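Enquirer: Whenever a hint applies, use it, and build me the whole structure from the sequences.
The listed protein sequences derive, respectively, from chains A and B. Going from the first sequence to the numbering used here is simple: count from 1 and add 1. Going from the second sequence to the numbering used here is simple: count from 1 and add 1.
FYI, nobody ran anything at the bench for these hints, they're computed from the structure. Here the structure is a predicted model, which is why all the values come from computation and not from measurement. There may be inaccurate statements among the hints.
[Stated by the list, open to error] Between beta-carbon pairs, the in silico distance windows are:
id	chain 1	residue 1	chain 2	residue 2	range
1	A	N58	B	K80	48 to 56 Å
2	B	D188	A	A102	31 to 39 Å
3	B	E143	A	A16	47 to 55 Å
4	A	N58	B	G156	19 to 27 Å
5	A	K150	B	N83	29 to 37 Å
6	B	T159	A	I44	45 to 53 Å
7	B	G47	A	D192	47 to 55 Å
8	B	G34	A	D157	22 to 30 Å
9	A	D12	B	T159	44 to 52 Å
10	B	S183	A	K200	46 to 54 Å
11	B	D192	A	K152	19 to 27 Å
12	A	H161	B	Y50	49 to 57 Å
13	A	I44	B	A16	29 to 37 Å
14	B	G156	A	H52	57 to 65 Å
[To be verified] Chain B stretches covered by chain A per the calculated footprint, using a threshold of three residues with CB under 8 Å from any CB of chain A:
id	segment
15	32-42
16	51-57
17	130-141
18	145-153
19	173-180
Ideal Cβ placement from N, Cα and C applies to all residues, glycine included.
Number of protein chains: 2
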Amino acid sequence: MSPKATATKQDTKAALLQAGMDLMMEKGYTNTGINDVLNTLGIPKGSFYHHFDSKENYAVEIIRYFDAAAVEMLTRTLKNSNQTPLNRIRTFCEEKKAKLASQSCSRGCLVGNLSQEMSDQSEVLRLELSRVMTNWQNIVAECIKEGQKIKEIKGDRTAHQLAELFYSGWSGAVLRAKTLKSIEPIDTFIDLMLNDVLKA
Amino acid sequence: MSPKATATKQDTKAALLQAGMDLMMEKGYTNTGINDVLNTLGIPKGSFYHHFDSKENYAVEIIRYFDAAAVEMLTRTLKNSNQTPLNRIRTFCEEKKAKLASQSCSRGCLVGNLSQEMSDQSEVLRLELSRVMTNWQNIVAECIKEGQKIKEIKGDRTAHQLAELFYSGWSGAVLRAKTLKSIEPIDTFIDLMLNDVLKA
DNA sequence: GACAGAATAGACCGACCGGTCTATTCTAAG
DNA sequence: CTTAGAATAGACCGGTCGGTCTATTCTGTC
Chain A
2 MSPKATATKQ
12 DTKAALLQAG
22 MDLMMEKGYT
32 NTGINDVLNT
42 LGIPKGSFYH
52 HFDSKENYAV
62 EIIRYFDAAA
72 VEMLTRTLKN
82 SNQTPLNRIR
92 TFCEEKKAKL
102 ASQSCSRGCL
112 VGNLSQEMSD
122 QSEVLRLELS
132 RVMTNWQNIV
142 AECIKEGQKI
152 KEIKGDRTAH
162 QLAELFYSGW
172 SGAVLRAKTL
182 KSIEPIDTFI
192 DLMLNDVLKA
Chain B
2 MSPKATATKQ
12 DTKAALLQAG
22 MDLMMEKGYT
32 NTGINDVLNT
42 LGIPKGSFYH
52 HFDSKENYAV
62 EIIRYFDAAA
72 VEMLTRTLKN
82 SNQTPLNRIR
92 TFCEEKKAKL
102 ASQSCSRGCL
112 VGNLSQEMSD
122 QSEVLRLELS
132 RVMTNWQNIV
142 AECIKEGQKI
152 KEIKGDRTAH
162 QLAELFYSGW
172 SGAVLRAKTL
182 KSIEPIDTFI
192 DLMLNDVLKA
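Expert: If you want it as structure tokens, here you go:
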């Protein structure tokens, strides 16, 4: 059996997840059709409904697929003991900023986009997005807590609260960047949040 | 001519704007069909396309309709000289929070929702949303500037920057509230932003 | 009352939506 | 080689989408 052929066959599901993630990131849930995904990959509809029950379920798997990569990136940056906690957060922000800038401030974050669009439309998606959001916040909070311990980050607020403000501010800054097609909201956020709000 | 009958006829356009605003706030642009709007009002399609060129144009007018009410609320609260600038901002936040809580943390803000969904899909809508967003930020910035003058709000950052962080943080907090179906992100935002970030 | 234009009314259009169905091909175990 | 089930393949379905079209009614002017 040719390894290439085998790989091609078995990667169908992964390819569907990747392509769906890209399309939904750019166009949202409602505006992304099953056929859009299928046509970009040259895969027939039968394969899709073999691997996924419904569009909604497909989206849930896409969110998990996206989450896996996001958590990897979060832990890589925010648990990197070669940097101080505050500088880890700075690295995280700069990496995300570079990504956003490289795509002309479009797309943003899949979880943010789907949350805005689908929270009131699908309880299934809302719960999944909730879970992911809370998890991310906890990872940030842990890093902040470390920074508080060494008095690098201000200690008169709980790490949970600071992480929440950080996350809210970041999401909002990305939204503004997308709409204004400018990286400036991100710059302002990074500057104030890191040099002012979080700093001890 | 009966004034009631006349009013009914001439208010068709306003009714379409109002109903479209409500529906798009809850379901987004793509997921709101022309027929959805028409059916909830009992208005035939001919009337719709008499008053509006296209769905996209309709959305632009809805954004303006929404903006008018939003600017009224912003100026009423943020230019109220009976309160100090920081307290005006607090009043603004509390009013918006009450509204959000009263609708179980659903819907959120039309401009935020459409920005997330449509910025990458329609340049026409993106520009309109950009304009509205920038205008709101300027109104907030003016209030902050006043607060800086009387040393109620911290002066080591420009009012423009602080307004931007405020707006980003607020939008993100609303997004989180929608998804987590909890008012807590809003509470945290108000607490930290007003008692910590903005305070002189 | 005649008339023009605004506004209402709703049937209708092709395109596309998510999802179903049957048929075929591939793959691995016996 | 046989065979069961996974996977691929794509025609097809009812419903809905944004938008068009023709017809009728309402409204203000002469």
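Enquirer: Please write out, lowest number first, the hints stated earlier that are contradicted by the structure.
Expert: 4, 5, 8, 10, 13, 15, 16, 18
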